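Chains as they are written, first to last, in my numbering: chain Z, 2 to 667; chain F, 322 to 481.
It should be emphasised that the hints constitute simulated quantities derived from the structure, not laboratory data. Nothing here was measured: the structure is a model prediction, and the numbers come from that model. Watch out, some of these pointers could steer you wrong.
As the list claims (entries may be wrong) - Restricting the straight-line Cα-Cα distance to at most 25 Å, the calculated cross-link-like pairs of lysine to any residue (SDA-like) are:
1. Lys601/Z <-> Lys548/Z
2. Lys409/F <-> Pro336/F
3. Lys440/F <-> Arg650/Z
4. Lys601/Z <-> Lys460/F
5. Lys433/F <-> Lys56/Z
6. Lys659/Z <-> Pro336/F
7. Lys56/Z <-> Lys204/Z
These are the residues of each chain, in order.
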Amino acid sequence: MQDQMEPYRARTTAVVITTAMLTFISFWRASAIVLCDLASSAYYVCGIAEQAVGKAAPWFIIIVMFFAYSVRATYIESCGMFVRAGVYRVVKEAMGSTMAKISVSALIFDYAITGPISSVCAGKYLVGFINDVFTLFGLTHLHVSPQFGSVVFAILVTLYFWRKNVIGIEESSDKALKIMSATTIMVVIILVWSAISLLIDPKPLPPMTMQITPEAWGWLNDIPWLKTIGAVGVLVAVGHSVLAMSGEETLAQVYREIAKPKLQNMKKAAFIIFAFSFIFTGIVSLLAVMIVPDDVRSKFADNLISGLVMYLHGPYILKLVFQGVVALIGTAILSGALNTAIIGANSVLSRVAEDGVLTGWFREPHKRYGTTYRIITMIAAIQIATILLCRGDVYLLGEAYAFGLMWSFTTQTASVLLLRFRDKTPREWKVPLNFKIGGVEIPIGLALIFIGLFLITIANLVTKTVATKWGSIFTLGFFVTLLLSEYHNKKIKKAELDKHEKVNLRFEGELTPERCGCRHPNKVVVAVRDPHSLYHLKVALGRVDPKTTDVVVLTIEKLTMPTSGEVEMLPHDDQLLLTNVVAMAEKYGIHVVPLVVPAKDATFAMAKVAFELGASEIVVGKSEQVAPEVQLERLAIAWGYLAAETGRRITVRIAWPKHELKYELT
Amino acid sequence: MQLTHYITPKEIIVPLKGTTKEAVYKELVRYLADEHHIRDKDKLLSAILEREESASTFLPIGVAIPHARIPSVEDIMLIMGVTSAAIKDTAKDSAPLTANVFCMFFSPTEDKEFGRHLKLLARIAAVFSDTKLVPELAKLKSPEAVFERIQRREREMSEE
Numbered sequence: 002m003q004d005q006m007e008p009y010r011a012r013t014t015a016v017v018i019t020t021a022m023l024t025f026i027s028f029w030r031a032s033a034i035v036l037c038d039l040a041s042s043a044y045y046v047c048g049i050a051e052q053a054v055g056k057a058a059p060w061f062i063i064i065v066m067f068f069a070y071s072v073r074a075t076y077i078e079s080c081g082m083f084v085r086a087g088v089y090r091v092v093k094e095a096m097g098s099t100m101a102k103i104s105v106s107a108l109i110f111d112y113a114i115t116g117p118i119s120s121v122c123a124g125k126y127l128v129g130f131i132n133d134v135f136t137l138f139g140l141t142h143l144h145v146s147p148q149f150g151s152v153v154f155a156i157l158v159t160l161y162f163w164r165k166n167v168i169g170i171e172e173s174s175d176k177a178l179k180i181m182s183a184t185t186i187m188v189v190i191i192l193v194w195s196a197i198s199l200l201i202d203p204k205p206l207p208p209m210t211m212q213i214t215p216e217a218w219g220w221l222n223d224i225p226w227l228k229t230i231g232a233v234g235v236l237v238a239v240g241h242s243v244l245a246m247s248g249e250e251t252l253a254q255v256y257r258e259i260a261k262p263k264l265q266n267m268k269k270a271a272f273i274i275f276a277f278s279f280i281f282t283g284i285v286s287l288l289a290v291m292i293v294p295d296d297v298r299s300k301f302a303d304n305l306i307s308g309l310v311m312y313l314h315g316p317y318i319l320k321l322v323f324q325g326v327v328a329l330i331g332t333a334i335l336s337g338a339l340n341t342a343i344i345g346a347n348s349v350l351s352r353v354a355e356d357g358v359l360t361g362w363f364r365e366p367h368k369r370y371g372t373t374y375r376i377i378t379m380i381a382a383i384q385i386a387t388i389l390l391c392r393g394d395v396y397l398l399g400e401a402y403a404f405g406l407m408w409s410f411t412t413q414t415a416s417v418l419l420l421r422f423r424d425k426t427p428r429e430w431k432v433p434l435n436f437k438i439g440g441v442e443i444p445i446g447l448a449l450i451f452i453g454l455f456l457i458t459i460a461n462l463v464t465k466t467v468a469t470k471w472g473s474i475f476t477l478g479f480f481v482t483l484l485l486s487e488y489h490n491k492k493i494k495k496a497e498l499d500k501h502e503k504v505n506l507r508f509e510g511e512l513t514p515e516r517c518g519c520r521h522p523n524k525v526v527v528a529v530r531d532p533h534s535l536y537h538l539k540v541a542l543g544r545v546d547p548k549t550t551d552v553v554v555l556t557i558e559k560l561t562m563p564t565s566g567e568v569e570m571l572p573h574d575d576q577l578l579l580t581n582v583v584a585m586a587e588k589y590g591i592h593v594v595p596l597v598v599p600a601k602d603a604t605f606a607m608a609k610v611a612f613e614l615g616a617s618e619i620v621v622g623k624s625e626q627v628a629p630e631v632q633l634e635r636l637a638i639a640w641g642y643l644a645a646e647t648g649r650r651i652t653v654r655i656a657w658p659k660h661e662l663k664y665e666l667t
Numbered sequence: 322m323q324l325t326h327y328i329t330p331k332e333i334i335v336p337l338k339g340t341t342k343e344a345v346y347k348e349l350v351r352y353l354a355d356e357h358h359i360r361d362k363d364k365l366l367s368a369i370l371e372r373e374e375s376a377s378t379f380l381p382i383g384v385a386i387p388h389a390r391i392p393s394v395e396d397i398m399l400i401m402g403v404t405s406a407a408i409k410d411t412a413k414d415s416a417p418l419t420a421n422v423f424c425m426f427f428s429p430t431e432d433k434e435f436g437r438h439l440k441l442l443a444r445i446a447a448v449f450s451d452t453k454l455v456p457e458l459a460k461l462k463s464p465e466a467v468f469e470r471i472q473r474r475e476r477e478m479s480e481e
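This is chain Z alone, in the form it adopts within the complex (with noise of 0.2 Å):
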C-alpha cells in the first residue's frame, strides 16, 4: 500500500525573519531614552542660558519647560496619526515632499550637534572632577586641560554608542533606562541636600529680569528700538534657553517602538518625561542659581551641576565625592543623550530612506544585527566632525543648537495643524481646547502652540547668528544630498522595491519556539497570506497580552522557498506582507515573529507550526475558495492527525470584518 503520508512527516524547516524593527518596549524604557536626551540639558543649559540673559536664566528655563508640555501635546496626536510619525512623515502629508526634506534636514543638523553637546558637556564634568580631586592631593601639575580632555572623552563615547546601535536597540534602551534610574536618585539627593542647605543658609530666588547680553541679541543690535519692546526680549531669552527642551523631538520616533496599548502607553511617557525634566532641568537649574554664589558661577557654566554640590552645606570631602557621582552620572546621561540622538537621526533617516529618498543601500540591515548601520555610522561620522570643529566649546555648540529643532518643532506642529483642516479622519487623541463655530472645529489649543513656537524659532533665527549661519548651511547641504539621492533612486527605479521592510533572513532546520525567537509561554499563530486582508491579524493583535503571549505570523509558500540551505531574499510577494504585517505589528506596539514555512498542504503546514511551538491557538482569515467552515473541518482533521498521541487542545479563530467563528479543537 503506497505511503501518501510521506511528505506530510517531513520535518518542519522555517525561514525566520529577524529584524530589530518588531521589538517593543515599555513606557519607561521610551521615557528613558527621550530623558536620556532631553534631561541631559540639565547639566548645561542653565549654564549657557545664563551666559545670554542673566541670572533669570533659570525662570526662562522653567518657562520652557511648561512649553514643553504643550508641544509634547502635538506629538501624541501626530503619533496616533501616524505610528512612524517623526517630522518627516507629518510634514510630508500636510506640506508636501519639498518641507518634509527641509524639515528632516534641519533636524539632523541638531542631531549632528546633541550628541557633541552632550559628549563634551559630559567631558567636562569629568575631567572638572579629576582636576578637583587631583588638586585635593596635591597633583596640580597632573592637570588635565578640559578643552583636550572633554574632545577626547567625547570621540570615545561616540564610537561606544555607535557601536551599541549597531548591535541593536534592545541593548540601547536597557542602557537608557539604567542611567535615568541612577539619575532620579541623584537627583532627589541633591533636592535634599539643597533645601537642607537653604534652611540653613536661605538664599534670595533669582530675580525675574532678564540682562540679555549684545551677543546674545544678535541681530537685533542693528534694530535697536526692537530692543525696547518687553515681549521680544522675553521671545529672545526664551529663545536662548529653549535648548532645555531639545529632545522632545525623540518622543516621535520612539513611539513606534513603544508596545501595546501605544497612545496610552505613549502619554504615560509623555508625562513621566515633563515631570521628571521639569524637576532636574527646571529646579535644578534655579537651586544652582540660588546657591552657587554670583561671584564663582562662571567658572562652572559647563559644569553648573558640580558647582551646585561643591556650595551645598555639608564636610568637604562628601561634596568632592557627590561630585563624583554627579560627573560620573552626568557622563553617563550625556552619554544616553548622545545615544539617543543617534537613534533619533537613524529613525528620521530611517523613515525618510522607506520613502525611497535614500537609497536602499543606507537601510540594509547589518547581516547579524539587522540593524540599519549604514545610517548609524553615517551619524556618527558627522557627530564626530562636529566634536573635532568645535574643540570642545560648549557654549560655542549651545549657540549653534536648536535651529533645526526649532523649525522642526514649528513645521510639524503647523503640519498637524494643517491636518486637522485637511484630513478629517478621527484621531485617536486631540491636543485640547478645540471650538465648533458653525460645524467648523477651531483648534485654538494647537494654534497657540504654533504661534509659540513660531515666534520663537523667528527670535532663535535672527539672534543666535551662529546657529542660522551654520544651521542654514547644514541644512541647505543636507537637502541637496537627499534630493540627489532621490533623483538617483527614481533613475534606477528601485523606489517601489525600497519601500519594502528590509530583513534578515535566517534558515531554520528544525522549529522550536527558542529558534524561532518566542519569548512567552504562550503562543498564537497566525496565518496570512494576502497582504491586503491582514484583518484577522488585525483582531489577534488586539486581542493578546503582550507580556505573556508570542504572536507568530506565518505565511505558507507553496513555490518558491527552498527547503534547506541559505535564504537571501524573500520573495517579492512576501516583502509586501512581511511590510504590512511589521506595520501592523508596529501600530499595536506588539513584537510578532514572523516566519515562512514552504509547504504544499497549507492548512496542515498551520497546524504542524502551532502544534511544534506548542501554541494554544490557531487564528486565520476567511478563504476566498472555501467557505470558513469548510477551512475549520481541515483544521480540525489536521490537528486531529497531529495531536493523536497527546490529546493536546488547540482554539482555531476564524476572522472577517464582522464575523468570527471560534472553536476548540481536540
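Please arrange chain F on chain Z, whose structure you already have, making use of the hints.
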C-alpha cells in the same frame, strides 16, 4: 469523544462493492438511509457531493471522510466502509490520493452542533494517524473484526 460511540458493526460495510468514489458514496448513503429509515437518499447524496466539490475529503492516510451538515438530522449519523482495493479520488484540484476506509457522516446544521462535528473529524484523523491501521483494516473480512480493531486502537490511544 470516541469514534466507536458513533458506530456499531451494523454501521460498517465490509467489503464495499463500489469501485469508484461516486459508487462507494452511493452505496454508503443507501445503506445509511436504510439503517436510519431515511426516505430521501438523493438529498443525502447531493449534500455529500456538494461538500466534496468544495474540497475533497480524501486524506493522505488512506481514509476519506465524506460528510455534510443537513437540517433534517437531529444527531450525528455515521457509516463506515472498508475495501481492500484502494479507491481513487476523482476531484479535479486535489492531489491523486486513494482511500481504503470511508467514514461517511451527517450532522445537524445547528451552530452549537458544529463543535461536535469538528471533534468527530479530528477524532477520525486521530484514530487513523496510526499508519498500520488502514492496511490492517483493508485485510479484514467482517464488520465485527473492523469494529474490534478500531476499538482496540481507541483503547491504545486512551492508554497513551
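Status of each hint after checking the structure:
With a C-alpha separation of about 34 Å, the suggested pairing of Lys601/Z with Lys548/Z is violated against the 25 Å cut-off. For the hint linking Lys409/F to Pro336/F, the alpha-carbon distance of about 16 Å falls within 25 Å, and the restraint holds. Only pairs whose Cα atoms come within 25 Å are accepted, and Lys440/F paired with Arg650/Z is accepted, the gap being roughly 11 Å. With a C-alpha separation of about 31 Å, the suggested pair Lys601/Z and Lys460/F falls outside the 25 Å cut-off, and the hint is violated.
Between Lys433/F and Lys56/Z, the direct Cα distance comes to roughly 78 Å. Violation of the 25 Å bound is thereby established for this hinted pair. For the proposed pair Lys659/Z and Pro336/F, the alpha carbon gap of about 48 Å is over 25 Å, so the pair is violated. Taken as a hint, the Lys56/Z and Lys204/Z pair is honoured in the structure, with Cα atoms around 14 Å apart against an allowance of 25 Å.
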